[in-house]
Every structure is written in C-alpha cells, then in structure tokens.
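Engineer: Sequence:
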Amino acid sequence: MSFDQILADRVRIYLSEVPGLKIEEKKMFRGLAFMINDKMCVNVSGENLMCRFDPERQKEIETKVGYLPMVMRGKELKGYCYVSPKGIKKEKDFEFWIKLCLEFNSKAKASKKKKK
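Residues 178 to 293 in this note's numbering are what the sequence shown lists, from first letter to last.
Hints are computed from structural coordinates only; laboratory data are not their basis.
Quick reminder that beta carbons are idealized off the backbone N, C-alpha and C, glycines included.
Incorrect hints may have been included.
[To be verified] Using 20 angstroms as the maximum straight-line C-alpha spacing, the simulated SDA-like pairs for lysine to any residue come out as follows:
1) 266 <-> 187
2) 236 <-> 247
3) 203 <-> 266
4) 216 <-> 267
5) 266 <-> 216
6) 266 <-> 183
7) 203 <-> 187
8) 266 <-> 240
9) 267 <-> 242
10) 284 <-> 231
[To be verified] For each label pair, taking beta carbons as the anchor points, the in silico distance ranges come out as:
11) 236 <-> 182: 29 to 35 angstroms
12) 244 <-> 268: 15 to 21 angstroms
13) 268 <-> 223: 19 to 25 angstroms
14) 266 <-> 286: 28 to 34 angstroms
15) 245 <-> 196: 18 to 24 angstroms
16) 252 <-> 186: 29 to 35 angstroms
17) 251 <-> 190: 20 to 26 angstroms
18) 193 <-> 236: 31 to 37 angstroms
19) 190 <-> 253: 26 to 32 angstroms
20) 263 <-> 234: 19 to 25 angstroms
21) 248 <-> 196: 31 to 37 angstroms
Put together the whole structure using the sequences plus the hints.
Structural biologist: As structure tokens, then:
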C-alpha cells in the first residue's frame, strides 16, 4: 500500500486549515483516505488523488485536466474519479479538486458502520 507522501501532506495541510472539519485518516482503496465528518471525502492513491464528488457534475468533471475515470469490476463509478499529477500540479487546480470533494461531503451519505 504505497501512496505519494508529499501529496498526502498537501491534502492534510489543506484540510487542517478548513475550520469545523472532523478529519480522520484511514488506509483504504490501496491508499490513504481522508474521512471528513465520518464520510470518505478524498483519497491519495499512488500518485493520484481519488475524489468523491456530486455525480450530477460528472459531465463537467470529465473535461478537467488530469481526470481519470474510476472503474470497479469493469464499471465506471459516477461521482468518483482519479486525478493524475498533471491535474493537481498547480495549486489552484489542487484546490479546485479538494473544494469539489468538500462541497459534496456535506451532502454525501455516510457508509454504514460495520458491527464488531
């Protein structure tokens, strides 16, 4: 489970400066997930950023530089994508993706907790 530590630090620093967030880091999706208010928000997977966003914005998001579809079991998942390093190199682009994820996080449903 390797992921870009520098990218993880960029996400960590950015999120820590946003007031009112409950941030938890979990190793998942072969990377490091940033859970915001108990919901998966953004993930560092390898050298890519994995984003969770409003599926209604899918067509718009697909046109962004660095966008890569997220495919599981041969099916593209709407409302999720990877962003290659090219799409997050500039700070304004990095901030776009993080803000996109945070915007949806307030509307997203939390996953059901597994009983132990």
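Engineer: For which of the previously enumerated hints does the structure constitute a violation, in increasing order of number?
Structural biologist: 3, 4, 5, 15 and 17
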